[in-house]
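Student: The whole structure should be built from the sequences, with the hints applied where relevant.
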Amino acid sequence: MSQLLRDIEELIFMSRIKQIFANGKAFIPFVTAGDPNLEITEQLVLAMAEAGADLIELGVPFSDPVSEGLAIQKADERALLAGTTADKIFDMVKRIRKTTDVPLAFMTYINPIFVYGADKFLSNCKECNMDAVIVPDLPFEEKDEILPYCEKYGIDLISLIAPTSKERISMIASQAQGFVYCVSSMGVTGVRNEITTDITQMVSLVKAAQDIPCAIGFGISTPEQAKEMAQKADGVIVGSAIVEIVAQYGENCVKPVRDYVFAMKQAISQ
Amino acid sequence: MKKGRFGIHGGQFLPETLMNAVIELEEAYEFYSKDEAFVKELDELFKNYTGRPSLLYYAEKMTKDLGGAKIYLKREDLNHTGAHKINNALGQALLAKKMGKTRVIAETGAGQHGVATATAAALMGMECEVFMGKEDIERQALNVYRMELLGSKVHTVTSGTQTLKDAVNETLREWTSRVSDTHYILGSVNGPHPFPTIVRDFQSVIGKEVRSQLQEAEGKLPDVLLACVGGGSNAIGLFYDFIGDESVQLIGCEAAGLGADNPKNAATITNGSVGIFHGMKSYFCQDEYGQIAPVYSISAGLDYPGIGPEHANLYDSGRAKYVPVTDAEAVEAFEYLSKMEGIIPAIESAHAVSYACKLAPKMDKDQIIVINLSGRGDKDVAAIARYRGVDIYE
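Chain order of the listed sequences is L and E.
Count along the first sequence from 1, add 55, and you get the number used in this note's numbering.
Count along the second sequence from 1, add 626, and you get the number used in this note's numbering.
Just so you know, these hints were derived from the structure itself, not from any lab.
Values in this document were obtained by computation on a predicted structure and should not be read as measured data.
Where a beta carbon is used, it is the ideal one built from N, C-alpha and C, also for glycine.
Check before you lean on any hint, since a few could be wrong.
Listed next, the in silico DSSO-like pairs over lysine-lysine satisfying Cα-Cα at most 30 Å (straight line) [claimed, not checked]: (1) K198/L x K175/L; (2) K834/E x K221/L; (3) K73/L x K149/L; (4) K628/E x K207/L; (5) K129/L x K723/E.
Selected chain L positions facing chain E (in silico; Cβ < 8 Å) [claimed, not checked]: (6) F117; (7) T140; (8) C183; (9) D192; (10) P194; (11) I216; (12) A217; (13) K221; (14) S225; (15) S229; (16) M241; (17) G245; (18) V246.
Partial selection, computed: residues in chain E whose CB lies under 8 Å from chain L [as the list claims (entries may be wrong)]: (19) Q638; (20) P679; (21) S785; (22) Q788; (23) N795.
Tutor: Listed below in structure tokens is the structure:
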């Protein structure tokens, strides 16, 4: 009986992430939790949800984020300097959950999860109704490090594919959950003037392996870029550009971020 | 069984962008490490370019002074470029060239691996860029100029603690942005599989030579092998051939900075816990939330918050032990060996010399300690002078 309940629960959880792609193209903003502090992050999440964000990525700051460019590195530094910890972030998400059920994903590195305890981390994720985790330094070959706990607590482990993935795409996509995070460019996160990767081909290789939504991230900042990317995939992820607004406005960032998210969602919905 | 594991340690914790690169590297290494022509070519380079085998020197004055075990120094400091780092740099550069790569990148702490990589790149006609923390660039200025002289570009890393850990971060970031023509010559037995295995294999020449040299000199095995450990490449190079010889004690000397109980240290086994960072599961200096600690050591080459996964496993199994050595003890040993034997050791290697000074008097006179003198100390002279309050600049 309890297994049946878990199965039903799992189905409900699964559908939450897929639902975000049900109403047109999804806009997925990222902010680092605790930058400039957790009170502002809480306001940012609510504001972004109101402005049309379909899923919000919350970065759990890490001292050495090797996949990040300078903007998010600095955001992580600011958040850690402000005393942000995983426990405080879980508490914040619980507060957020009293107001909104907007789908939420944690983006962090494997070490903060591993050292906290994967079981405890993912159990806490479930307790505060998180929907997914994204771990850029946990490739397909190593996903068993946390996958059993993701499954135990019904949290989607989002898979990433990169321009260099080639023949790995079908292997990764066939076992992917929720959506596939398509890394648009070589290198680290950060605003780019141009995205030259053949996104259409990446997406079609994913879809050939599994009918699963694809969201494009890395390098997207302008409404024009977002619109172009949205035509090639199911959703668009924007991190550094938002984090730069947070850096620029500090505690007064909520309104400019809301306006930005609104404009981006409008751009991809046209 | 997962690939590249040493007990629970090791693995391949990397961004997806780099996965095909490490798989390609693994396949190439699998092929070339068994390719006679490759092995011969590298062996020739070791002999004719590096000057191998390096001497195994009986430190008679030091032995008498300490009044216990016989002390031998494995003179990796006499290698071309002045440290053991050249063994790995030549091996990986040659491998990269065979793989059709035209550009190499590397991190460096003290600058020894950077210089070795720049040297190998110059020799093989490859483009080379080295990433070095701002703090290390200041304390190892001579090596920076040396790399530039060898035709390499040196990037100043200003992120994080501006030391070796951050140099590795930046080199990994650079590799994700340009991977098709570029090989990352990782300098120690750390990082994702297959690096810990490749680097260990290229460094294992140290222990193999020690075995035959000591056999010739003494007709027996050593009792204790001592080496300093940051990531642990010179230590594994010395230890590896002896892992199966249970009578041989393996001891790694970690940098304890201002003291193992002072926050300013880099003694990973002494103070660290299991984590996953820089592509590997191993021991790291970190907090309860997995934030990597800002470590410290006077030695830029040991100023690293992690240790290679094979060492982590040798520690878990009890086969090797790891002891902390402070800045003050290392500086004292630096001066001691200089005056006693006329050999100025790298401040990194001085950590191992220091522990030998503690250990030798407690051992019998017919026992043997081999210390890996992994590098020469010319690069450290100005910094040690400043440590002693003498205001000289390079």
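Student: Each of the hints needs a verdict: does it hold here or not?
Tutor: Going down the list of hints, with the structure as the test:
In summary, the hint linking K198/L to K175/L is supported, as the alpha carbons are separated by about 17 Å, within the 30 Å threshold. With a C-alpha separation of about 41 Å, the suggested pair K834/E and K221/L falls outside the 30 Å cut-off, and the hint is violated. Note on K73/L and K149/L: the hinted pairing holds, with a Cα-Cα distance of about 22 Å set against a maximum of 30 Å. A C-alpha spacing of about 22 Å is found between K628/E and K207/L, which places the hinted pair at or below 30 Å, so the restraint holds.
Among the hinted pairs, K129/L with K723/E is inconsistent with the structure: their alpha-carbon atoms are about 36 Å apart, more than 30 Å. Interface restraint check for F117/L: the shortest CB-CB distance to chain E comes to about 7 Å, inside 8 Å, so the restraint holds. Because the beta carbon of T140/L sits about 5 Å from the nearest beta carbon in chain E, less than 8 Å, this interface hint is met. Because the beta carbon of C183/L sits about 17 Å from the nearest beta carbon in chain E, more than 8 Å, this interface hint is broken.
Hint status for D192/L relative to chain E: holds, with the closest Cβ pair at about 5 Å, below 8 Å. Evaluation of the P194/L hint against chain E yields a held restraint, the C-beta minimum of about 5 Å falling below 8 Å. Of the supplied interface hints, the one on I216/L holds, with its beta-carbon coming within about 6 Å of a beta-carbon of chain E, less than 8 Å. A least Cβ separation of about 4 Å between A217/L and chain E falls short of the 8 Å threshold, and the interface hint therefore holds.
For the restraint placing K221/L at the interface with chain E, the shortest Cβ-Cβ distance is roughly 7 Å, inside the 8 Å limit, so the hint holds. Contact between S225/L and chain E, as hinted, is not supported at the beta carbon level, the nearest pair being about 14 Å apart and thus beyond 8 Å. For S229/L, the suggested interface contact is broken, since its CB lies about 15 Å from the closest CB of chain E, more than 8 Å. Against a cut-off of 8 Å between C-beta atoms, the interface hint on M241/L holds, since the closest Cβ of chain E lies about 5 Å away.
Because the smallest distance between the Cβ of G245/L and any Cβ of chain E comes to about 10 Å, over 8 Å, the interface hint for this residue is violated. Residue-level restraint check for V246/L is violated (minimum Cβ-Cβ distance to chain E is 14 Å; threshold 8 Å). A least Cβ separation of about 6 Å between Q638/E and chain L falls short of the 8 Å threshold, and the interface hint therefore holds. Interface restraint check for P679/E: the shortest CB-CB distance to chain L comes to about 38 Å, outside 8 Å, so the restraint is violated.
Nearest Cβ of chain L to the Cβ of S785/E: about 6 Å, under the 8 Å cut. The hint holds. Annotation: interface hint on Q788/E violated; nearest CB of chain L at approximately 13 Å, more than 8 Å. Residue-level restraint check for N795/E holds (minimum Cβ-Cβ distance to chain L is 5 Å; threshold 8 Å).
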